[in-house]
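Start from the sequences and build out the full structure, keeping to the hints where you can.
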Amino acid sequence: MLLLQLLINGLQLGAIYALTAVGFSLIFGATKIFHVAHGAAFTIAAYLFWWSNAVLGLNWLLAAALAVVAAVAFGLFMERCVYRLIQRHEGAFFTVFIAAFGVQIIVQNLIGTVFGRGFVSVTTPLSHSVQVLPGLFVAPVAALAIVVAVIGFSALTNYLSRTHTGMAMRALSENPDLIRVFGLDPGRVAQYAFAIGSAIVVPGAIFTAMTAGLNPAVGAHVMLISLAATIVGGIGSLRGAAYGGLLLGLAENLALWRLDPQWSEAVTFVVLFLFIIFRPAGFFGRPHAAK
Amino acid sequence: MSQGGEVLLEASEVAKTFGGLKAVDDVSLSLKSGIITTLVGPNGAGKTTLFNLMTGHLPPDRGQVRWLGKSIVGLPHWKIARLGIGRSFQDLKLFANMTVAENIETVTERGAWLWQPGGRAAQKARRDKVEATLAATGLGDKRNARAVDLAYAERKFLSLARIMASGARLWLLDEPASGLDPGSYQSFLSLLRRQVREGVTICIIEHNLDIVQGISDRIAFLDQGRLLAEGDPKTILSDPALAAIYFGERAV
Amino acid sequence: MWAYIINLAVLISINAILAVTLNFILGYAGIFSIAHALFFGVGAYTATFFAMKFGAGFLSATAAGMALAALISLALALPALRVRGEYFVAASLGLQMLAVTVFTEWKSVTGGIGGLTNIPPARLFGFAVTQPEHFLLLSLACLGLIILVIRALVRSSFGRSLKAIRDDETAAWAYGKNVAVIKTTAVVVSSALAAVAGSLYAFYLSFINVESFVLDTSIQVMAMVIIGGTATLLGPVIGSVLILLLPAGLSYLPYLPVTEIGSIQQIIYGGAMVLLMIYRPGGLWGFQDTRSSRKGGAA
Numbered sequence: 001m002l003l004l005q006l007l008i009n010g011l012q013l014g015a016i017y018a019l020t021a022v023g024f025s026l027i028f029g030a031t032k033i034f035h036v037a038h039g040a041a042f043t044i045a046a047y048l049f050w051w052s053n054a055v056l057g058l059n060w061l062l063a064a065a066l067a068v069v070a071a072v073a074f075g076l077f078m079e080r081c082v083y084r085l086i087q088r089h090e091g092a093f094f095t096v097f098i099a100a101f102g103v104q105i106i107v108q109n110l111i112g113t114v115f116g117r118g119f120v121s122v123t124t125p126l127s128h129s130v131q132v133l134p135g136l137f138v139a140p141v142a143a144l145a146i147v148v149a150v151i152g153f154s155a156l157t158n159y160l161s162r163t164h165t166g167m168a169m170r171a172l173s174e175n176p177d178l179i180r181v182f183g184l185d186p187g188r189v190a191q192y193a194f195a196i197g198s199a200i201v202v203p204g205a206i207f208t209a210m211t212a213g214l215n216p217a218v219g220a221h222v223m224l225i226s227l228a229a230t231i232v233g234g235i236g237s238l239r240g241a242a243y244g245g246l247l248l249g250l251a252e253n254l255a256l257w258r259l260d261p262q263w264s265e266a267v268t269f270v271v272l273f274l275f276i277i278f279r280p281a282g283f284f285g286r287p288h289a290a291k
Numbered sequence: 001m002s003q004g005g006e007v008l009l010e011a012s013e014v015a016k017t018f019g020g021l022k023a024v025d026d027v028s029l030s031l032k033s034g035i036i037t038t039l040v041g042p043n044g045a046g047k048t049t050l051f052n053l054m055t056g057h058l059p060p061d062r063g064q065v066r067w068l069g070k071s072i073v074g075l076p077h078w079k080i081a082r083l084g085i086g087r088s089f090q091d092l093k094l095f096a097n098m099t100v101a102e103n104i105e106t107v108t109e110r111g112a113w114l115w116q117p118g119g120r121a122a123q124k125a126r127r128d129k130v131e132a133t134l135a136a137t138g139l140g141d142k143r144n145a146r147a148v149d150l151a152y153a154e155r156k157f158l159s160l161a162r163i164m165a166s167g168a169r170l171w172l173l174d175e176p177a178s179g180l181d182p183g184s185y186q187s188f189l190s191l192l193r194r195q196v197r198e199g200v201t202i203c204i205i206e207h208n209l210d211i212v213q214g215i216s217d218r219i220a221f222l223d224q225g226r227l228l229a230e231g232d233p234k235t236i237l238s239d240p241a242l243a244a245i246y247f248g249e250r251a252v
Numbered sequence: 001m002w003a004y005i006i007n008l009a010v011l012i013s014i015n016a017i018l019a020v021t022l023n024f025i026l027g028y029a030g031i032f033s034i035a036h037a038l039f040f041g042v043g044a045y046t047a048t049f050f051a052m053k054f055g056a057g058f059l060s061a062t063a064a065g066m067a068l069a070a071l072i073s074l075a076l077a078l079p080a081l082r083v084r085g086e087y088f089v090a091a092s093l094g095l096q097m098l099a100v101t102v103f104t105e106w107k108s109v110t111g112g113i114g115g116l117t118n119i120p121p122a123r124l125f126g127f128a129v130t131q132p133e134h135f136l137l138l139s140l141a142c143l144g145l146i147i148l149v150i151r152a153l154v155r156s157s158f159g160r161s162l163k164a165i166r167d168d169e170t171a172a173w174a175y176g177k178n179v180a181v182i183k184t185t186a187v188v189v190s191s192a193l194a195a196v197a198g199s200l201y202a203f204y205l206s207f208i209n210v211e212s213f214v215l216d217t218s219i220q221v222m223a224m225v226i227i228g229g230t231a232t233l234l235g236p237v238i239g240s241v242l243i244l245l246l247p248a249g250l251s252y253l254p255y256l257p258v259t260e261i262g263s264i265q266q267i268i269y270g271g272a273m274v275l276l277m278i279y280r281p282g283g284l285w286g287f288q289d290t291r292s293s294r295k296g297g298a299a
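Residue numbers (the numbering used here), protein chains in the order written: chain Y, 1 to 291; chain E, 1 to 252; chain H, 1 to 299.
Calculated directly from the structure, the hints in this document are not laboratory data. Backbone N, C-alpha and C fix where the C-beta goes; we use that ideal spot for every residue, glycine too. One thing to keep in mind: the hints can contain errors.
What the hints assert, rightly or not - Computed spacing ranges between beta-carbons, pair by pair:
1. E:18 - Y:131: 45 to 55 Å
2. E:20 - Y:277: 49 to 59 Å
3. Y:212 - H:109: 28 to 38 Å
4. E:179 - H:148: 40 to 50 Å
5. Y:56 - E:20: 25 to 35 Å
6. H:6 - E:114: 28 to 38 Å
7. Y:261 - H:54: 56 to 66 Å
8. E:114 - Y:213: 44 to 54 Å
Structure follows, in C-alpha cells:
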C-alpha cells in the first residue's frame, strides 16, 4: 500500500515537474536560449500566489491570475530587456547563461529579503488528504494537479499544431534555420515562447505552494528538475520533457520506499546521470542533437 | 586537366535526411588524388551536408564512406581529421580570440597530452611548418594579430593556412574564396594550384563559375541532394539542362 | 586591525585559488561548471580526515584531497563532456546538490550539519603552522604555485587546444583535437587544484561544515571569475578581492540591516553579472568578439 501511495504522490509531483520542464524546453527549443532563470519565474509566481492568497487574503482565482501575470511579465522582461540586448553582442552561450544566472541570484535574494527565508505554504481544503483506501491517502490537490497538467499539455499541443506561431515554434525546435523559411520575426516568436513557457509554470508553482511549501531556494531545485527532464526527455522534444518530468517525479517518490527524503535530489541526479551515460539523446531526442 | 590517381575518399550511396528533408540522397562520389574536384549546385543542394558526411561530422543514414579503401563511417570526426582529411568551413570557424600564429600552431599540435611528444626536434619541425605556412599565405606580418581583428581576405587566407599547416592530404574546402577581391583571389587560386602540385588533393564547393572553370579538373553537380552529373569541366559546363537548373535557381 | 587584515588576506587567497581554477575551465575552455564548491568541500573534508585519523601533514593531506577530487571530477566529466555543454551544466548542478546531501548525511566522515571541529593545525616539514601570519605565507605560496601551473598549461599546446575548443568546438574536432579528452583533462586539473583551497581552508579555520560548500558558494566563485575577468591570469584574483571586500564595505553603510548583508551582497554581484553581460561582455572578458560574425548562405 505504501508503494501505491508513493506512486500517487509521484504522479502528482511528476505532473508539476512535467509542466515546468515543458516550459523550459519550449523556450529552449524555440529560441535556443538556455533560460536558467526559469526557476526564478517559478519562484516569483509561487510567492506571489502565496502572498496574495495567504497573506492578503485574496480569492485564490485572483491570486492565481496575479501569479500568471507576474510569471509572464518576468518571462517577457527577460526576453526583451536581458536576452535581446545580449544577443546584439553575438549572444554566446556564455553571456546568456551568466546573465540568466545573475537574474536568478537577484530574484532569489530579493524574495528572501522581502518575504523571508523560512518555509511558507498555503493551506486550503484541497490539501487535506482523504483516505481513499486503507492506508492510501490522496489529497484532492493531487488529482487536480494531474488533471491540470494533462489539460495544460493538450492545450499547448493544440496551440503548437494549430496556430501559425505555434507551428513556427515547433519548427524552430527541429531546425533553427527554418525561421527564415517561415518568414517570421524571430523576436515575436521568442516573445510568445517566453510568455507561454513562463505562464506554464504557474500551476506547478501554485500546487507546490499548497503541498510541499516554498522557500526562496525552490528556484534552484526547479531549475535542476527542468534541466534534467529536458535532457532525459530529449532536447528538442516537448513530449520528452513532459515524460522526463513525470519520470523524475515518480523516481523521487518511489525512492522514498527505501531512502530518506533528503536524498530526493540525489535521485534526480542519478536518473540524469544514467541517461547521460547510456542514452544522451534522451527518450525522444535525435542522437546527433546530443553532440 | 588530369583524371587523377588513386581514389582517396569514396562516398558510396550515402544519404542523410533531416526531419522530412532529404539533404543528401543516394550520392556516390570518388575523390581521386592529385586533382581538384569542384562541387557545384544551387543553394541548398546538399553540398555542405555531403562534406559533413565525408568528414564524420554527421553519420550517414545509409551508405559507405571509405578512405584509401577502408571504411570510416562511425569514426569520430577528430580521428578522421588525423587520417589526413582536412576541412574548411563556409563561415570559416577561425579560433577568433587566438592570434594568427596560435591558430596555425594549434593545428600542428596533435594529441591530447598536456605537452607534445617528440622533444626538441619535433618542436622545431612544427615551428618551421608554422613559418612556412605564414609565408605561403602572406600572413607573416599579421602573426600576432587576433583572428577576430583580421580583414576579410586575411581571414580567408588564415582558414586556408590552418588546413595547410595540418598536413592534410585531402582538403575539403567550402566556398573558400567567396567574396575575395580579384587580386587576393588570384593569389588564392595559385596557392591552391601550388599545393596540388606538391601532392595535395582538393575538393571545393564553389558557386563562382569563373573559378570553377579556371581551376577544376573534375566537376560534380548536385541538386536537391542528388548527384546529377560528374565528369570533366567541358562536358558539364556546356550541358544546357544543368545550366537551366543552376541559373534557374539563381535568378531568384 | 592587523589581525583582521591578515584574516581577510588568507580568505582572499583561498578564494582566489578557487577563482583561478574555475577560470581555467570557464574562461579558457568554455566549460560551465556549477560544481566547484563541491571540490572545495572534498578537499577540505579529505584533508581533515587524513589529518585527524592518520596525523597526516599538510602535504599528504592535501594530496589525498586532490586525488579524491580528481577521481570524482573524472567520473563526472567522462560521460558529461562527450555531449553538448548544456549537459555538463545540468550534471554539475545535480552533482553539487547531491554532494551537499552527502556532506550533510555522512556524519561519520563529515560531522553532518555540525561539521568537524578541532582540526589540528597544518604541519609542514615538522613545523606546525599556527600563526595567522605564517598561514598567510602558506596560502599565498599555494596560490602563487597554482597560478604558475595554470600559466604554464595555458601557454602550452594543451592551452592552445583548450582555447581552440572554446572558440570553435566544431573546428577543433575538424583539426584533429580529441575534444572530449582535452576537456576532461582540464576539468580534472581544475578540480584537483580547487581541493588545495579546501585543505587550506580546513587547516586555517580548524572547523568546517557543509554551509561553506553549498551551491551559493559555487555561484560566488563564478561571480568572482566573471567580474574579475575571465581568461586572464590575474582577473580571478581581482574578482575574489572585490567580492570578499564587499561585505566588509557593506557593513560600513549605516542603513543596511545586518541580517540582510548576505542577500544584498548576492544581489549586487548578481546584478553586476547581468549588467556586465549586457554592456561589457567584451570588456571584462578581455578578448570576446563583440562583432557579429558574418555567416554565409546555405550551400
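Hint-by-hint comparison with the structure:
1. E:18 - Y:131: 45 to 55 Å: holds (54 Å)
2. E:20 - Y:277: 49 to 59 Å: Roughly 31 Å apart at Cβ, these two residues miss the hinted range, so it is violated.
3. Y:212 - H:109: 28 to 38 Å: Holds, since residue 212 (chain Y) and residue 109 (chain H) (Cβ atoms, about 30 Å apart) stay within the stated range.
4. E:179 - H:148: 40 to 50 Å: holds (45 Å)
5. Y:56 - E:20: 25 to 35 Å: Violated, at about 52 Å.
6. H:6 - E:114: 28 to 38 Å: At roughly 36 Å between Cβ atoms, residue 114 (chain E) and residue 6 (chain H) fall inside 28 to 38 Å, so the hint holds.
7. Y:261 - H:54: 56 to 66 Å: Hint violated: Cβ distance 35 Å, outside 56 to 66 Å.
8. E:114 - Y:213: 44 to 54 Å: holds (49 Å)
Figure legend: structure checked against the earlier numbered hints; hints not met, in rising order: 2, 5, 7.
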